[in-house]
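If you read the sequences in order, they're chains A and B. In the numbering used here, each residue carries its 1-based index in the first sequence increased by 32. In the numbering used here, each residue carries its 1-based index in the second sequence increased by 1431.
Take the hints with a grain of salt, since some may be wrong.
Chain A regions said to be covered by chain B (calculated; three or more residues, Cβ under 8 Å) [unchecked claim]:
| hint | segment |
| --- | --- |
| 1 | 36-50 |
| 2 | 104-112 |
| 3 | 220-227 |
| 4 | 255-269 |
| 5 | 282-292 |
| 6 | 297-305 |
Pairs of lysine to any residue residues, derived as SDA-like cross-links and limited to a Cα-Cα distance of at most 20 Å, are as follows [said to hold, decoys possible]:
| hint | chain 1 | residue 1 | chain 2 | residue 2 |
| --- | --- | --- | --- | --- |
| 7 | A | 391 | A | 87 |
| 8 | A | 288 | B | 1758 |
| 9 | A | 65 | A | 274 |
| 10 | A | 288 | B | 1763 |
| 11 | A | 288 | B | 1777 |
Because the hints were derived from the structure by calculation, they are not lab data. Keep in mind the model is a prediction, meaning the values are calculated, not measured. Just so you know, even glycine gets a beta-carbon here, dropped at the ideal spot from N, CA and C.
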Amino acid sequence: MENARINVYQLFCLIILLELGSAVIVGLGIKAKQDAWIAVLVGLIGGLLLFLVYGSLHRQFPDLPLTGIIQRILGKFLGWPVAFIYVIYFLYIAARVLRDMSVMIVVAWLDRTPLTILTGMSVLAICYVLHHGIGVLAKTGEFFCPFYLFSILLSLLLILFSGLVNLENLRPVAEDWKRIFVTAYPLILTFPFGEMIVFTMLLPYVRQPKAAVKTGLLAMIFSALILSAAIVMDIATVGENVVGRAPFPFLATLGKVDIAEFLQRIDIIAVFILIVGGFFKVAIFFYVALMGISSLFQVKKPSRLVYPMGTILFFLSLIIASNFSEHIQEGLAIVPWVVHLPLQVGVPLFLWMLSLLTKRFNKRDQHLAGSA
Amino acid sequence: MRGFFHKDNQQRKENANGLDTSLSKNIERIQEIFYHSSDLIIREIQIGKTEPIKAGIIYIEGLADLPSIHDYIMESLMLDMDETNRKQQNYFDFIKQQVLTIGDIAYISDFDSLIKAILNGGAVILLDQQAQGIHAKAKGWKDRDISEPHSQTLVRGPREGFTETFSTNTSLIRRKIKLPDLCLETYTIGRMTQTEVGIMYIKGTAGEHIVQEVRKRIRSIDMDGVLESAYIEEMIQDHSLTPFPTIYNTERPDVVAAALLEGRVAILTQGTPFVLVVPALFNQFYQSPEDYYHRADISTLIRLLRLLALFIAFLGPSLYVAITTFHQEMLPTPLPVGLAAQREGIPFPAFVEALLMETTFEILREAGIRMPRAVGQAISIVGTVVIGDAAVNAGLASPAMVIVVSITAISSFIIPSYDMSISIRILRFLIMALASSFGLFGIFVGIFALVLHLCSLSSFGVPYTAPFAPFIVSDQRDALFRFPQLGLMFRPHLIRRTKKKHSTFFNPTS
């Protein structure tokens, strides 16, 4: 579709931005109470296995994005609708993250600005990105990623130095393994690790295909460690009780930092982190949806679809839920089970097994044909 | 040479044929072609002692060097020539080899090159009974002396700057790089102005694909006049829809020499001291040549300071407007209280206040550049009154705003490249508008879009944001930091690379 290529370092940056995106700000895995950070690491294991499945699919069809792989394995008749469902799914996640981001800005900064305006501004900026294509998006990601990681590191250090950290809050460690597992699977597996499904669409663009999967795994481990550290800080500073109730615990934690009555109100860093991560997350999902739709409908110039699709994204993000509580409730109780699990785990696993079976049959056929 | 004269002038076209054998006919024709211009000098003389022959010397007053025409052409021909020395030689070869005591000589046989020779300051010698002429290159117009460049001043470093003369400029560069590999290719551009434009590069160091691209773009320029290198810049830049310069220009030979050594290509234009350098990356525009003339540690710090200034020049007023309007809670409590007290009598919102002051400053700055030198004093007096105490006393601006505007203004002067400083000035107003409507979120969206825009730019195929995006580890030695010279022995990655295709040659990790 596009001639642009991305290199592994750019892929690494994009994965970090996508994985941390909104996850670092919200109270990830807080159902496991003070052991949320363990739940993240437990969830990571499943996530890595899942990504290996995606990687194996990619290796079998190195030139095809997910939508192409589906059609290749299931055939045009069955594959097309499934691929189309994926396109809608990507668009839906883009809308969800956009909503997260806009609400966060309203909560943290602009409490009298209508959501519509903020969403509209973001959509415009993201459309401008996608107009330039994946190459420019990757370069921009490469540019922002160091600042992004630095901000996270800085905020973690500031929390540490503010003297608010109380490790008592983390005890008892690993209180209830059952609770941890229930939190990790499926909640943490699907968000953020399962969202790696989006990269099955981008892996064909990577210039060094052999290193792509390895880079993906590395980036996932790296981001899981950062996520875990952020949650440890959150819980140790304000306690799991507050983390569980606050819509954006990281914001609440950073808000408490006050060093020498000079460094205070540094929650601006948290907002920066969310906006950068959110922007890239929305942009990646939206780009992938755009790619999918233009290949499914054989649109020659995908950039022409950017603004029409942007309009859909804009309205979708506004009508996706009538208020923020509903949005969160959907995101925690319904979406993981009904949408994430089948599309992130079910279908890819099925495809993978099917592809392995056909490979084996093909081999046997060849073998039989050869011996006959 | 291409026949420029064929292109647009019907009258000239008819004349574009060989010279006649009759001297008087040739002279008549030249008179006609130049419409009997009064500065066209045609001197008819007789040469030779035993068998005199009629000759004509043609040149334009002021373009050709009179003393050398007198001493080396007329004197040689009329007094010193002794045709008894002529054996079986052609008359022309004889004159060329034994008579004329002038360095650079060429034969011409048609009116096209004759006209070109005359217009370029040469003297043309025609002989009767010969359908040929001699072009003696006796160019001699008045040049400005080499002086210190005005646009980029340094504390330490060479004091010489380019002049308006093409050959002086090329020699200034050659003096610094004594290498036969330093190539100069000259083109004549501009249908009417016939301006010399040269590209200079070091063969083997400059990427062949970049040189090729420069050559291609220069050749494709078709315009009436080239009066400054900006004409060339506008015709060959990669993107025209951007506020950022994608071609670097400088008045300093040392900067051009450094760029050539790094593998870049310089484009020199007759008639301007500003030499273009391509490819130009964002990185170059906040670096100063002085960075390399001081110790590495000092240079690094100064460079970072300059980057900070760039940041302030770009975002200063926007941050002030956003924080005082939307995010007062970010400041320690006494500060917003003080600010509010200052702004008590001011009838405008912070944005209008900032806009008012910024615009006033921009007007002052523009006036300072345009007005005659003699009234220069006035601007500083008026300036201090308008942006200063009087504005505060009049209740038009708060003291804090005056400080913000001043620091922004000073910061914008730190940016070593004037082009980049203009871009930043323009974009500052855009970001201010965003900041006043959406606070920090607006600023962020603006920066995001801007970074993206920067990432989408390229200069002669090299990504504009290199070595940051794509990130090139080895080039970080001379990007934000300036490593000691020992570490700078490697040339920039992207420029050095020699590959044919554009889209694939930025591949830092492979």
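A quick look at each hint next to the structure:
no.: 1; hint: 36-50; result: holds (count 6)
no.: 2; hint: 104-112; result: violated (count 0)
no.: 3; hint: 220-227; result: violated (count 0)
no.: 4; hint: 255-269; result: violated (count 0)
no.: 5; hint: 282-292; result: violated (count 0)
no.: 6; hint: 297-305; result: holds (count 4)
no.: 7; hint: 391/A x 87/A; result: 16 Å, holds
no.: 8; hint: 288/A x 1758/B; result: 17 Å, holds
no.: 9; hint: 65/A x 274/A; result: 11 Å, holds
no.: 10; hint: 288/A x 1763/B; result: 14 Å, holds
no.: 11; hint: 288/A x 1777/B; result: 35 Å, violated
Violation of the numbered hints given earlier is confined to hints 2, 3, 4, 5, 11; the remaining hints are satisfied by the structure.
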